[in-house]
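From first to last, the protein sequence lines are chains A and B.
As numbered in my numbering, residues 1 to 315 make up the first sequence, in order.
As numbered in my numbering, residues 1 to 273 make up the second sequence, in order.
These are calculated hints, taken from the structure and not from any lab test.
Any given hint could be a false lead.
[Stated by the list, open to error] Here are the simulated lysine-lysine pairs, DSSO-like style, with alpha carbons at most 27 Å apart:
| hint | chain 1 | residue 1 | chain 2 | residue 2 |
| --- | --- | --- | --- | --- |
| 1 | B | Lys135 | A | Lys20 |
| 2 | B | Lys4 | B | Lys168 |
| 3 | A | Lys227 | B | Lys107 |
| 4 | A | Lys292 | A | Lys231 |
| 5 | B | Lys168 | A | Lys20 |
| 6 | B | Lys4 | B | Lys26 |
| 7 | A | Lys312 | A | Lys167 |
| 8 | A | Lys227 | A | Lys311 |
| 9 | A | Lys303 | A | Lys212 |
| 10 | B | Lys135 | B | Lys168 |
| 11 | A | Lys44 | B | Lys139 |
| 12 | A | Lys213 | A | Lys20 |
| 13 | B | Lys26 | B | Lys227 |
| 14 | B | Lys189 | B | Lys251 |
| 15 | A | Lys167 | A | Lys5 |
| 16 | A | Lys20 | B | Lys139 |
| 17 | A | Lys212 | A | Lys182 |
| 18 | B | Lys273 | A | Lys44 |
| 19 | A | Lys44 | B | Lys26 |
| 20 | B | Lys4 | B | Lys273 |
| 21 | A | Lys292 | A | Lys182 |
[Unchecked claim] Residues of chain A placed beyond 12 Å of chain B at every Cβ, according to the derived structure:
| hint | residue |
| --- | --- |
| 22 | Ser39 |
| 23 | Gln57 |
| 24 | Leu66 |
| 25 | Gly84 |
| 26 | Pro228 |
| 27 | Lys278 |
| 28 | Lys311 |
[Stated by the list, open to error] Label-pair ranges, simulated between beta-carbon atoms:
| hint | chain 1 | residue 1 | chain 2 | residue 2 | range |
| --- | --- | --- | --- | --- | --- |
| 29 | B | Lys229 | A | Arg280 | 26 to 32 Å |
| 30 | A | Tyr156 | B | Lys7 | 23 to 29 Å |
| 31 | A | Pro228 | B | Asn108 | 57 to 63 Å |
Please read all numbers here as calculations on a predicted model, not as lab measurements.
Beta carbons are placed, not taken as given, at the ideal position from N, Cα and C, and that holds for glycine.
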Amino acid sequence: MTDLKSTRDAYGEVLIELGKDNEDIVVLDADLAVSTQTSKFAEKFPERFFDVGCAEQNLIGTAAGLAAGGKIPFASTYAIFATGRAWEQIRSVIAHDRLNVKIVASHAGLTNSPDGASHQSLEDIALMRVIPNMTVIVPADAIEAKKAINAVVEYYGPVYIRLNRVKTPVIFDHNYNFSIYKAVTLTEGEDLGIIATGSMVANALQAADLLKKREITARVINMHTIKPIDKEIILRAARETGAIVTVEEHSINGGLGSAVAEILTEEMPVPMRRVGVKDRFGQSGRYEELLKEYGLNAGHIAKVAEDLFNKKDGG
Amino acid sequence: MKKKTIKDLEEMATRIRQHVITMIGKAGSGHPGGSLSCVDVVTTLYFYKMQHNPEDPNWEDRDRFVLCKGHAAPTLYAVLAESGYFPVEELTRLRTGGSMLQGHPDKNRTPGIEVSSGSLGQGLSVANGMAIAAKLNHKGYRIYALIGDGECDEGQIWEAAMAASHYKLDNITAIIDRNGLQIDGPTEKIMSLEPLADKWRAFGWEVMEIDGHHIDEIISALDRAEKIKGRPTVIIAHIIKGKGISFMEWKAEFHGKAPNKEELEHALIELDK
Chain A
1 MTDLKSTRDA YGEVLIELGK DNEDIVVLDA DLAVSTQTSK FAEKFPERFF
51 DVGCAEQNLI GTAAGLAAGG KIPFASTYAI FATGRAWEQI RSVIAHDRLN
101 VKIVASHAGL TNSPDGASHQ SLEDIALMRV IPNMTVIVPA DAIEAKKAIN
151 AVVEYYGPVY IRLNRVKTPV IFDHNYNFSI YKAVTLTEGE DLGIIATGSM
201 VANALQAADL LKKREITARV INMHTIKPID KEIILRAARE TGAIVTVEEH
251 SINGGLGSAV AEILTEEMPV PMRRVGVKDR FGQSGRYEEL LKEYGLNAGH
301 IAKVAEDLFN KKDGG
Chain B
1 MKKKTIKDLE EMATRIRQHV ITMIGKAGSG HPGGSLSCVD VVTTLYFYKM
51 QHNPEDPNWE DRDRFVLCKG HAAPTLYAVL AESGYFPVEE LTRLRTGGSM
101 LQGHPDKNRT PGIEVSSGSL GQGLSVANGM AIAAKLNHKG YRIYALIGDG
151 ECDEGQIWEA AMAASHYKLD NITAIIDRNG LQIDGPTEKI MSLEPLADKW
201 RAFGWEVMEI DGHHIDEIIS ALDRAEKIKG RPTVIIAHII KGKGISFMEW
251 KAEFHGKAPN KEELEHALIE LDK
């Protein structure tokens, strides 16, 4: 059976490892430390942990000042509050001044399923992607989350990392090689490309299995970094398969699907479909139920891909 | 830097006012009211109080100045130029294409700017982060944050005020430019701030109130703030918007309006007296 682990749990663990080696790492939270898992760092290194209370704008501003003072701040809260409540603080100070702040936000997508629309985040990728100088990373599993967080400590500049509340399948092993600039081809296939990000990578792989049974081979690509996006791998997939499906646990407006569409329309128009949340708010429910309701389960991804494949060949 | 006498500082403040009004007049846009208002405070900070080195703007041990009310950029630019961060001639290029002197402070373009600002309410949070970093690094430098009074309408100011006293950031001196006017009119008519001193006191700050145009009062408040331990200090500087130019004083309309050619000439004649 596949191991299950949430990316936020990975974050809590890796922060402690990093904090041991690097005195410059400081962590901030806005009254959600137990949920985001920064409480683990707080227990170990209380002198380098700062809870600002439920005050996201001050969270981001304080992180900016710490970075200006030579520290490497990790600022965490729920994705919607980090990117929505404090968007202009991120834009006008952190990104504008290229400050070395790592915004690592959890409970993204529908993964905070019981809390409903107010606490879910289907817009954060779009909000962060539009800001100059910002790097946007969405790890697919707990291993990739750890590798990505290690990688961004080595990278100087503002980064947004999107994490999940729920346990999701572990896809990679410890030998996995992560580079911010390089997306990863997970399955070879010639009939169409499925470009997925974050929690949806596992579902895309399941969809590829379903498609195989119908004799359609899908090339599944893990687009862990939405910005800067790996344009080469997108164009190669479009050229070699002739059709692209994107999959994200995010609005289809402004996220991965939009980013890929922007590249394809300008450089290599091929038939394309975006799987994601179709301009709707979230709601309370069991996570699996919500995935089904919003068309994010493997069965629906496979259906969209099959329809597109038939159109592509049927002309 | 050699310490200046009060007379030296007053002369420098007049020179800064001349720069400010000339720059804004030439640029044809800007914020003369809120720039002139804080000249005495910013001049005293840069030419009396702060440890800084124009030869090495990133000197680790320098005191940090955060201009929260970024629309007073011309005052900061004039002070930086007179300090030697860049040639005074640059001041004529305020708000022009490709200039290092943007409409609001831009850390990426201007030597001596600690953090970009302009969008109100954010600077005190940044100052908090700098103050925490100083403590973690066991450094003795201080953080000075100049906040507009209208800016205190922003919720983030109070988030930051709460946090600064919670974290006992006694290495912060905030100064409020209490000129009583914001763009739409008098602060007490637009959004009441009073009792402002009580509000800051209730948030756990040491509060001083001074006449923000008397250099000796500014000096003694800044000196005293350094000795307060265990909590941050705010100096509410009672200030006249447009100070130094009779037809701009107390005028909300000069918050964001440049003087025309005639007004500029009048202003410079007044400052010359």
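Q) Regarding the assertion that A:Lys278 does not contact chain B, is the least Cβ-Cβ distance greater than 12 Å? A) 33 Å, holds
Q. A:Pro228 and B:Asn108, beta-carbon distance inside 57 to 63 Å?
A. For A:Pro228 and B:Asn108 the Cβ distance comes to about 19 Å; the hint is violated.
**Q.** Restraint check for A:Lys212 with A:Lys182, where alpha carbons must lie at most 27 Å apart
**A.** 26 Å, holds
Q. Are A:Lys44 and B:Lys139 close enough, with their CA atoms no more than 27 Å apart?
A. The hint holds at about 24 Å.
Q) Under the criterion that the straight-line Cα-Cα distance not exceed 27 Å, is the pair A:Lys227, B:Lys107 satisfied? A) The given pair, whose Cα atoms are some 24 Å apart, holds under the 27 Å limit.
Q. If you draw a straight line from the CA of B:Lys4 to the CA of B:Lys273, is it 27 Å or shorter?
A. Cα-Cα ~22 Å, so holds.
(Q) 23 to 29 Å was suggested as the range; check whether the CB atoms of A:Tyr156 and B:Lys7 agree with it. (A) At roughly 46 Å between Cβ atoms, B:Lys7 and A:Tyr156 fall outside 23 to 29 Å, so the hint is violated.
Q: Examine each Cβ of chain B, and state whether all of them lie more than 12 Å from the Cβ of A:Pro228.
A: 19 Å, holds
Q.
Hinted pair, alpha-carbon criterion (27 Å max): B:Lys189, B:Lys251. Please report holds or violated.
A. Roughly 14 Å separates the two Cα atoms, so the pair holds.
**Q.** 27 Å Cα cutoff - pair B:Lys26, B:Lys227
**A.** At roughly 42 Å apart (the allowed maximum being 27 Å), B:Lys227 and B:Lys26 break the hint.
(Q) For a C-alpha distance cap of 27 Å, please report whether A:Lys292 and A:Lys182 respect it. (A) Between A:Lys292 and A:Lys182 the Cα gap is close to 30 Å, so the pair fails against 27 Å, i.e. violated.
Q) Going straight from one Cα to the other, do B:Lys135 and B:Lys168 come out at no more than 27 Å? A) 11 Å, holds
In this structure, the hints that do not hold are numbers 2, 4, 6, 7, 8, 12, 13, 18, 19, 21, 23, 24, 29, 30, 31, in rising order.
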